[in-house]
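Novice: Sequence:
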Amino acid sequence: MARKPIVGGNWKCNPATASSLPELVSNFDGCAAYLDKCDVYVCPSNLHVALVAPQNCNFGGCGAYTGEMAVDQVKDMGMDTVLIGHSERRGEFGLPTPAESNALMATKLAYILEHGLSCVFCIGEPLPIREQGIDAVLAECVSQLEDIVPILKGLEDKSRVVIAYEPVWAIGTGVTASPEQAQETHKAIRDWIAGAVDQKTADEIRIQYGGSANAANAPDLSAMPDIDGFLVGGASMKAEFVDIVAAIAK
1 MARKPIVGGN
11 WKCNPATASS
21 LPELVSNFDG
31 CAAYLDKCDV
41 YVCPSNLHVA
51 LVAPQNCNFG
61 GCGAYTGEMA
71 VDQVKDMGMD
81 TVLIGHSERR
91 GEFGLPTPAE
101 SNALMATKLA
111 YILEHGLSCV
121 FCIGEPLPIR
131 EQGIDAVLAE
141 CVSQLEDIVP
151 ILKGLEDKSR
161 VVIAYEPVWA
171 IGTGVTASPE
181 QAQETHKAIR
191 DWIAGAVDQK
201 TADEIRIQYG
211 GSANAANAPD
221 LSAMPDIDGF
231 LVGGASMKAE
241 FVDIVAAIAK
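Just so we're aligned: 29 in the UniProt record's numbering is position 29 of the sequence shown, and the numbers increase by one with no gaps anywhere.
Mixed in with the good hints there might be a few duds.
Using 30 angstroms as the maximum straight-line C-alpha spacing, the simulated DSS-like pairs for lysine-lysine come out as follows [stated by the list, open to error]:
#, residue 1, residue 2
1, K12, K75
2, K153, K187
3, K187, K158
4, K37, K158
5, K75, K238
6, K200, K37
Restraint-style ranges between C-beta atoms, simulated for each label pair [what the hints assert, rightly or not]:
#, residue 1, residue 2, range
7, A223, S159, 21 to 29 angstroms
8, P225, G60, 34 to 42 angstroms
9, Q199, G174, 34 to 42 angstroms
10, S45, K4, 24 to 32 angstroms
11, G195, S159, 17 to 25 angstroms
12, K250, S26, 19 to 27 angstroms
13, K75, S159, 13 to 21 angstroms
14, E146, K4, 21 to 29 angstroms
15, D203, L47, 34 to 42 angstroms
16, G174, T66, 35 to 43 angstroms
These are computed hints drawn from the structure, not numbers from a lab. Glycine is no exception: its CB is placed at the ideal position from the N, C-alpha and C atoms.
Based on the sequences and whatever the hints tell you, model everything.
Specialist: This is the structure we're talking about:
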């Protein structure tokens, strides 16, 4: 079965002013022409989430969880997808903030799916691990996926979980994995899923690439058979976002 490409924009903690939102949203206008061939989403900051898919959620619903967002609230706002596990929440802020654990990510994923939403599940490796080669990269990615194997085994509609592979060393640095590097990693992840979960899941689950994707590198990355789309950072706040969608839609 052909996997429908999916491209997401992650605005992270931007923009500084709500007055900038109309211009940012307008960058997505041209995507309408490609929605029959490519799914598109955008994750704004928490303060702007009501206007546009959230970058995070909590793990237990409404209640005494100060500073968190519950899936019940997300659903009530009319949204159907949550992004979790971004490297910046897994300890890559460069600050002594607690890293969100693999066990917590599995708990959140189960919670999101149980409430009928879909999830973009981020994984990836820092530069020291990339420098050790593909086996080390796969081992790091597997360590972030092992806890969700039972969840994937029990999930009937595999399209409800999207894996966003992010080489941490390429996020916001302007450095991008080569198409061959990205393909090698995506295929290794897919092959591992085939063995750890089942072949159906491996064939159907979508794996996005999320390391400084832009209009210039999207066509070559899109040509790789195991790259099913992009999780776009800085370029998602520019007019070129539609060109990235167009590249993978083709």
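Novice: For each hint, tell me whether it holds in the structure or not.
Specialist: Structure-based check of each hint:
no.	hint	in the structure
1	K12 - K75	holds, 21 angstroms
2	K153 - K187	holds, 19 angstroms
3	K187 - K158	holds, 17 angstroms
4	K37 - K158	holds, 18 angstroms
5	K75 - K238	holds, 28 angstroms
6	K200 - K37	holds, 21 angstroms
7	A223 - S159: 21 to 29 angstroms	holds, 22 angstroms
8	P225 - G60: 34 to 42 angstroms	holds, 39 angstroms
9	Q199 - G174: 34 to 42 angstroms	holds, 37 angstroms
10	S45 - K4: 24 to 32 angstroms	holds, 27 angstroms
11	G195 - S159: 17 to 25 angstroms	holds, 21 angstroms
12	K250 - S26: 19 to 27 angstroms	holds, 23 angstroms
13	K75 - S159: 13 to 21 angstroms	holds, 18 angstroms
14	E146 - K4: 21 to 29 angstroms	holds, 27 angstroms
15	D203 - L47: 34 to 42 angstroms	holds, 39 angstroms
16	G174 - T66: 35 to 43 angstroms	holds, 36 angstroms
The structure fails none of the hints (numbered hints given earlier).
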